[in-house]
Each structure stands twice: as C-alpha cells, then as structure tokens.
Amino acid sequence: MDSNINFTVNSRIEIDVDSEIYKSNIQDVSEDYISISIPVNNHKYMPLSKGEKVDVIYYEEKNVYKFNTVVVGRKIERILMIMLKKPEKVQICQRRNFVRVPLILDVLCAIFPLEKDLYHLNDQVEVFKACSVDMSGGGMKIVVDVKMKDKLKYGDIIIVTIPMENDSLTLKGKIVRITSNKDETKLTCGLSFIDIDKKSRERIIRVLFQIMRQHIKKGAKED
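In the working numbering, the protein residues as written are 2 to 224.
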C-alpha cells in the first residue's frame, strides 16, 4: 500500500536486523525524512550509516507497519539521531510475525540462481546441509560448515527446504548477516524471507506457536 501513515514524535519504531529487533523512537519528523534515536537491542547499539538499507517496523496506535527505507544521514540536536527517508510504500503486518522461536532442525539449502525461478532449477544447483537455530514469520538463522565461507555472501538468495510434520516447506531467504563462531568452524547466516506467500507465512507461525505452547507446558511441569 502507498505510504499515507502519520509519523509522530515519540512513537515507537524498530529496526529489524536478521530477525533481531532494535528498539528506537521517533525524535523528529520533516517532509522528507524521520529522525530516530540510535536503535538498541539488549544494550547493544546498531550504528547505522548513510546509504544503508534497513527494514523498519512502525507502531501507529493499533496498527503495525513494515517498510524498507534508506539512511540519509545523521544529526545531533539534544541527542545523536539517525535520519531515515520516508517510505513510498508500506505494508500492514502483525507483530506476532516477528516472534523468534528456537528451532533446531536439519534443513537443505541451495544458492538461488537469479536467472531462474524456484520451480525450474536444474541438477547443477549445489545443495548443502545446514541446521536451523531459530525462526520467525519473517526469517530464520541457519548454521553451515565454514567450507561454505567462499560460496556465501551478504545479499545472496538461499532456497531452504524445511521439514514439516507431514511434508516440507521450501522458501527463499536473503542473507542479511554472516558471522563465524569463535573457533571459525561454523558460519551463522541470518535469512530474511522474501517472496513468501501469506499461506506459507501463516503455516510457519502456527508451527512456531505450537512449539511455544509446548515449551510453556514443559516449563510448567518442571516447576
């Protein structure tokens, strides 16, 4: 939908990085941009730079919106602020889409060749194994062997086949973060789901809520 939302000072706003939410709020609003405080997650700041593209979640009364925009600069008044370009288009979403749930599963992955679509892949596509760490309605983390270091890079599109109860679900995810563990034997890749249809997203969310309920029941029994 076209952007016709009203940005107001002191409203809650969040930056979604690899399904991790960095909290902030609006400090100033102009005709072309909004200025926010430095986003923070668990005492860790996200130092955004000019030209950096970001995924934003904005709360307007009872509505929640998500949009993509770009950092246009920084400024200092009372505090240091990040200036974000006002979006041209936004989408209405539900906050539950972004609840991250630990999920340890063996998954199959492949680097998506940009010139092909999901249903016309050939045998030349390299399939590799990975292990999911957690998942939300908006993305997931996977761990791969460090030997994939030279084959995976920021911005790559990955096809992930996730085993479900009676079948499997194949999704596309964009790599938004790559980190290595301390002994540099494994890589953790943060994926943001792209081109995901509503039915698939709702299916993921249902599974994640089932897992959450199981954890709650298990915790209650242990108490």
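Since the hints were made in silico from the structure, they are not lab data. Positions of the beta carbon are idealized from the N, C-alpha and C atoms, including for glycine. Treat the hints with caution; some may be incorrect.
[Said to hold, decoys possible] Think about it this way: if two alpha-carbon atoms lie no more than 25 Å apart in a straight line, the pair counts; the simulated DSS-like pairs of lysine-lysine are: (1) Lys-45 / Lys-183; (2) Lys-54 / Lys-175; (3) Lys-45 / Lys-67; (4) Lys-187 / Lys-150.
[To be verified] Computed Cβ-Cβ distance ranges for the label pairs, DEER-style: (5) Lys-152 / Asn-5: 30 to 38 Å; (6) Ser-50 / Ile-6: 21 to 29 Å; (7) Lys-130 / Lys-154: 26 to 34 Å; (8) Ser-201 / Lys-51: 29 to 37 Å; (9) Val-128 / Glu-78: 27 to 35 Å; (10) Asn-43 / Val-147: 24 to 32 Å; (11) Glu-185 / Asp-107: 32 to 40 Å; (12) Val-144 / Leu-81: 19 to 27 Å; (13) Ile-6 / Thr-171: 31 to 39 Å.
TODO: Below or equal to 25 Å on CA atoms is what counts here, so check Lys-187 against Lys-150.
DONE: Given that 25 Å is the threshold and the Cα spacing comes to 9 Å, the pair holds.
Task: C-beta pair Glu-185, Asp-107: status relative to the range 32 to 40 Å that was hinted - done: Violated: the Cβ-Cβ distance is about 22 Å, outside 32 to 40 Å.
- [ ] With respect to the beta-carbon atoms only, verify the hint that Asn-43 and Val-147 lie 24 to 32 Å apart.
- [x] holds, 27 Å
Open item on the list: With the threshold set at 25 Å, check whether the alpha-carbon distance from Lys-45 to Lys-183 stays at or below it.
Closed with: holds, 19 Å
Task: Whether the CB-CB distance between Ser-201 and Lys-51 falls inside 29 to 37 Å - done: holds, 35 Å
TODO: For the pair supplied as a hint, Lys-45 and Lys-67, confirm whether the alpha-carbon distance does not exceed 25 Å.
DONE: Holds, at about 22 Å.
Open item on the list: Between the alpha carbons of Lys-54 and Lys-175, is the straight-line distance 25 Å or under?
Closed with: Distance of about 14 Å is within 25 Å: holds.
- [ ] Look at the Cβ atoms of Ile-6 and Thr-171 and judge whether their distance stays inside 31 to 39 Å.
- [x] holds, 33 Å
TODO: Using the Cβ atoms, figure out if Ser-50 sits within 21 to 29 Å of Ile-6.
DONE: At 25 Å between Cβs, range holds.
- [ ] Kindly confirm whether 19 to 27 Å is satisfied by the beta carbon distance between Val-144 and Leu-81.
- [x] violated, 35 Å
- [ ] Could you say whether the range 30 to 38 Å given as a hint is met by the Cβ separation of Lys-152 and Asn-5?
- [x] Given about 43 Å between the Cβ atoms, the range is violated.
Task: Cβ distance range 27 to 35 Å for Val-128 and Glu-78, holds or violated - done: Since the Cβ atoms of Val-128 and Glu-78 sit about 52 Å apart, the hinted range of 27 to 35 Å is violated.
Of the numbered hints listed earlier, those contradicted by the structure are 5, 7, 9, 11 and 12.
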